[in-house]
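4 protein chains.
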Amino acid sequence: MRILFVGDVVGDPGMLAMHQMFSHLNQSLKPDITIVNGENAAPSGKGITRSIVQNFWKLGVDAITLGNHTWDQKEIFDFIDEESKLIRPANYPEGTPGAGYVFIKREKYTAAVCNLMGRSFLLPLDCPFRKADALVKELRTKTPIILLDFHGEASSEKQAMGWYLDGRVSAVVCTHTHVQTADERILPNGTAFITDVGMVGAYDGVIGIERDAIIRKYLTQLPVKFEVQEGRLQFNAVVIDIDPDSGEAKRIQRIRIDDDNPWMD
Amino acid sequence: MRILFVGDVVGDPGMLAMHQMFSHLNQSLKPDITIVNGENAAPSGKGITRSIVQNFWKLGVDAITLGNHTWDQKEIFDFIDEESKLIRPANYPEGTPGAGYVFIKREKYTAAVCNLMGRSFLLPLDCPFRKADALVKELRTKTPIILLDFHGEASSEKQAMGWYLDGRVSAVVCTHTHVQTADERILPNGTAFITDVGMVGAYDGVIGIERDAIIRKYLTQLPVKFEVQEGRLQFNAVVIDIDPDSGEAKRIQRIRIDDDNPWMD
Amino acid sequence: MRILFVGDVVGDPGMLAMHQMFSHLNQSLKPDITIVNGENAAPSGKGITRSIVQNFWKLGVDAITLGNHTWDQKEIFDFIDEESKLIRPANYPEGTPGAGYVFIKREKYTAAVCNLMGRSFLLPLDCPFRKADALVKELRTKTPIILLDFHGEASSEKQAMGWYLDGRVSAVVCTHTHVQTADERILPNGTAFITDVGMVGAYDGVIGIERDAIIRKYLTQLPVKFEVQEGRLQFNAVVIDIDPDSGEAKRIQRIRIDDDNPWMD
Amino acid sequence: MRILFVGDVVGDPGMLAMHQMFSHLNQSLKPDITIVNGENAAPSGKGITRSIVQNFWKLGVDAITLGNHTWDQKEIFDFIDEESKLIRPANYPEGTPGAGYVFIKREKYTAAVCNLMGRSFLLPLDCPFRKADALVKELRTKTPIILLDFHGEASSEKQAMGWYLDGRVSAVVCTHTHVQTADERILPNGTAFITDVGMVGAYDGVIGIERDAIIRKYLTQLPVKFEVQEGRLQFNAVVIDIDPDSGEAKRIQRIRIDDDNPWMD
Ligand SMILES: [Fe+2]
Ligand SMILES: [Fe+2]
Ligand SMILES: [Fe+2]
Ligand SMILES: [Fe+2]
Ligand SMILES: [Fe+2]
Ligand SMILES: [Fe+2]
Ligand SMILES: [Fe+2]
Ligand SMILES: [Fe+2]
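So the sequences go chain by chain: C, D, H and Z. Start counting the first sequence at 1; every next residue gets the next number (UniProt numbering). Start counting the second sequence at 1; every next residue gets the next number (UniProt numbering). Start counting the third sequence at 1; every next residue gets the next number (UniProt numbering). Start counting the fourth sequence at 1; every next residue gets the next number (UniProt numbering).
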């Protein structure tokens with residue numbers, strides 16, 4: 001089973017890049033399942049709206065994961081419980097709207113997609129490692145094919161999660177820094193891992209945001225309005241091949257597309 | 001002019017990887033100058049000792065940069081002022097021992113190497129952007145060939161620095177997360193940039209540290225003794241080619257060597 | 001010379017408490033100078049508006065200090081440079097709108113009021129201790145009567161500032177936690193000190209904000225809209241008596257007024 | 001029932017102050033139960049040792065609470081499970097050594113003492129509000145007399161806990177900043193509250209630590225060895241009177257003793 005996982009889609013440039021690349025990638029890579037991190041997909045780069053969710057479904061995305069920007073658009077509270085394939089970090093406290101995982105069926109196989117958030121430099125949610133244990137226990141009753149999007153800031157917390165789950169899930173793909181890391185690998189017990197998948201959106205911004213605004217913020221420490229950067233685009237993702245019977249990952253490949261790294265079929 | 005910049009060397013495994021790889025890389029890549037981030041090179045992975053500094057010089061390293069772990073080994077206060085090619089972040093407050101930059105001569109050319117530290121999730125040092133302005137002004141009176149090791153946690157702060165200095169320095173290579181990013185590029189005005197060079201040390205640890213200890217820390221929130229991970233090795237670096245007359249970067253290439261990515265001459 | 005320093009005034013309830021108490025306090029305490037921290041005085045409890053500034057002047061306030069909420073109301077950028085007695089933390093970087101100190105004349109004496117912000121758990125501004133040195137040097141050329149509002153979170157940073165300036169300024173009164181501390185004292189070399197003056201506003205909120213909203217925030221980790229708490233009021237301040245010739249503080253007295261601690265003339 | 005709660009005892013000066021004041025306070029105040037926060041009682045000001053615990057028992061202390069420094073002395077792992085009256089924050093994850101509450105019997109009445117830690121600027125433990133719910137539910141099956149030491153940094157989190165538990169416990173007394181706040185009160189539904197009880201130890205330090213070392217730390221951002229301040233002493237506590245049948249607090253009184261605030265029987 002082949003899963004295409006696309007990193008944080010940021011604002012309108014992110015959606016534009018999705019439209020431009022998606023059918024090419026589908027034709028070329030033929031993934032069985034496509035998952036996108038959509039926490040920045042609203043036009044402002046903060047949160048996600050109902051219409052963006054619909055756009056993702058129209059494109060053919062199978063599941064959307066989220067992160068610390070999950071709730072930035074208030075309207076999400078109106079639709080997150082209706083959209084079963086839109087999942088938020090599972091370690092928000094009990095009673096939080098939305099769900100933290102979803103099952104996706106492909107002929108005789110079922111894949112589980114789940115989402116967790118790290119706590120280093122982020123919110124004090126429930127322990128993601130204990131929650132991972134609970135998720136694995138529950139999801140493995142249905143399928144050994146499990147992909148976790150672990151949304152976190154600290155490289156140590158993300159790598160710790162990879163090793164913690166090695167052999168228990170098919171893939172731990174991390175998000176949040178918006179920069180693709182070059183450390184994709186299959187861990188010794190068969191879990192695919194990458195410290196960050198990277199983002200989809202402006203190529204000449206600072207993590208997708210207008211670069212002059214970010215620089216001004218660092219220089220002045222004053223409130224600055226952040227807009228999404230316009231102009232050239234980048235697209236970052238990973239493709240993971242999983243043995244559908246064992247759930248073991250066989251291969252993880254980075255995809256990085258921008259003007260300096262053009263797409264070759 | 002070709003500069004080889006090697007990311008955070010972590011503990012004894014890091015030094016072992018340096019010894020194993022260094023002559024191969026020199027023969028193969030023939031860099032004019034080699035720089036190493038040494039903030040974790042002490043056997044414990046914290047700070048640097050006098051004997052490790054000597055080892056780096058013996059290997060042929062031309063300059064050592066540092067970061068938030070600069071002062072972890074107390075003995076550094078005894079030798080940092082004697083070792084002019086061992087530099088610490090320049091934005092420590094005035095009066096701090098050691099220097100924040102060094103010049104290295106190669107025949108008729110001089111390169112300047114400087115070090116700054118970000119403030120996001122790290123210490124409240126002096127503003128690294130303003131300090132960068134001051135460094136550029138001073139260093140460019142002598143040479144247009146300037147490499148900055150910007151040691152920082154947040155990807156946004158690191159990318160902001162790259163864009164801020166684009167066209168004013170030859171390279172902004174960032175360190176600290178110990179994970180190589182895949183976003184190396186030449187920015188539009190000629191500055192080579194990468195969000196993180198990655199580390200040199202254990203391949204099967206968590207950012208070089210014993211993985212079970214890090215996992216235990218996240219699980220228990222109790223004090224945990226961190227040792228350097230043993231076993232297989234990884235080596236991460238970048239090679240930058242600079243036009244020595246203009247200081248403009250022409251090429252930046254990532255080097256990633258581990259069991260899954262073997263070295264090919 | 002007697003200075004009345006009033007802690008963070010929070011929202012409409014804060015302004016109401018100011019109107020209710022101010023003439024009583026003036027009649028009873030007869031301060032020569034009255035200073036108010038106004039960083040939360042806007043109706044929403046965030047920042048300050050032009051009309052609130054005018055209200056303070058009408059009440060008879062002589063200077064307003066600020067803090068991390070200085071810039072929450074965008075309109076402040078329109079008037080901060082015209083209002084010389086409205087001061088913001090002096091350790092914002094050079095070029096920041098507004099000033100960090102003001103002189104106030106009373107017959108033959110002049111008092112200097114200045115404002116700094118701590119960096120622990122707050123923004124990475126310029127070093128407040130070095131900036132304090134510079135301020136003391138500059139202000140003492142005109143007067144030994146100097147009051148500093150040090151706006152900070154960590155009790156250690158605030159106490160460190162008190163000891164650092166002991167004998168060099170008349171008073172270090174700290175703000176930001178919105179809770180009055182009971183540690184007011186004259187330090188050995190004549191500087192009046194208190195770790196936090198406390199706030200003016202709702203008595204039954206959480207640091208002046210609607211208590212159920214704050215509790216919901218801690219319980220859910222979701223975005224919550226914070227309104228100012230309504231209902232009963234509290235008023236917290238200190239009165240400091242200073243020898244106007246030496247600048248030495250002779251006495252610091254806490255004022256705490258609420259339903260459990262009624263005002264007695 | 002009268003409970004004397006003594007704030008963070010810091011190092012040898014803290015223990016000295018305990019010895020000097022304790023019998024006076026007992027004779028004068030005649031508390032039924034005495035509780036001390038001992039997280040800084042080791043000679044270094046970090047953690048607690050077995051011999052310090054014994055000293056507290058010899059003095060007549062009935063229970064010891066802790067906080068973020070609980071584990072600073074490694075030996076605590078050897079004795080925390082044997083010392084049932086030495087309790088650590090109850091919201092450490094399941095499996096943590098030690099307990100988070102203890103019952104103390106006084107003739108026909110039983111009091112429960114429990115300990116929680118805030119998460120703002122501290123460790124990401126389990127949610128203290130949810131854990132408080134669980135503790136209240138469990139403890140109230142035995143007694144309505146419940147005192148919580150809530151160890152936290154942010155005044156908002158501490159006040160939120162007070163309001164959250166108002167009417168469900170007898171007292172929420174907070175610790176950690178080492179500075180006594182002046183906001184002691186009985187909340188509307190009968191819970192005694194104070195944002196911080198303050199500390200016991202050196203009067204002329206910075207939160208009990210050698211003041212020059214702390215200032216050096218803020219000035220240099222370099223590693224600094226912190227010793228406990230020597231010299232004059234301070235003692236901070238609260239006395240709470242509780243209706244033993246209803247568990248309702250009737251009165252909370254601050255105790256602050258130092259050279260500027262001498263003890264009067
Ligand atoms: Fe994101
Ligand atoms: Fe994120
Ligand atoms: Fe570092
Ligand atoms: Fe490092
Ligand atoms: Fe405030
Ligand atoms: Fe504030
Ligand atoms: Fe403490
Ligand atoms: Fe503490």
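For the record, the hints were derived by calculation from the structure and aren't laboratory data. Just to be clear, a hint being listed does not mean it is correct.
Copies of one chain are not kept apart here, so a pair can be met inside one copy or by any two copies together.
Said to hold, decoys possible - Cut-off 30 Å, straight-line C-alpha distance, at most; resulting in silico cross-link-like pairs (DSSO-like, lysine-lysine):
| hint | residue 1 | residue 2 |
| --- | --- | --- |
| 1 | K58 | K137 |
| 2 | K225 | K250 |
| 3 | K217 | K46 |
| 4 | K217 | K108 |
| 5 | K142 | K74 |
| 6 | K85 | K105 |
| 7 | K108 | K46 |
| 8 | K225 | K131 |
| 9 | K131 | K30 |
A quick look at each hint next to the structure:
| no. | hint | result |
| --- | --- | --- |
| 1 | K58 <-> K137 | neither (32 Å within a copy, 49 Å between copies) |
| 2 | K225 <-> K250 | neither (44 Å within a copy, 34 Å between copies) |
| 3 | K217 <-> K46 | both (17 Å within a copy, 19 Å between copies) |
| 4 | K217 <-> K108 | neither (52 Å within a copy, 40 Å between copies) |
| 5 | K142 <-> K74 | neither (33 Å within a copy, 44 Å between copies) |
| 6 | K85 <-> K105 | within (12 Å within a copy, 54 Å between copies) |
| 7 | K108 <-> K46 | neither (37 Å within a copy, 51 Å between copies) |
| 8 | K225 <-> K131 | between (35 Å within a copy, 25 Å between copies) |
| 9 | K131 <-> K30 | neither (32 Å within a copy, 48 Å between copies) |
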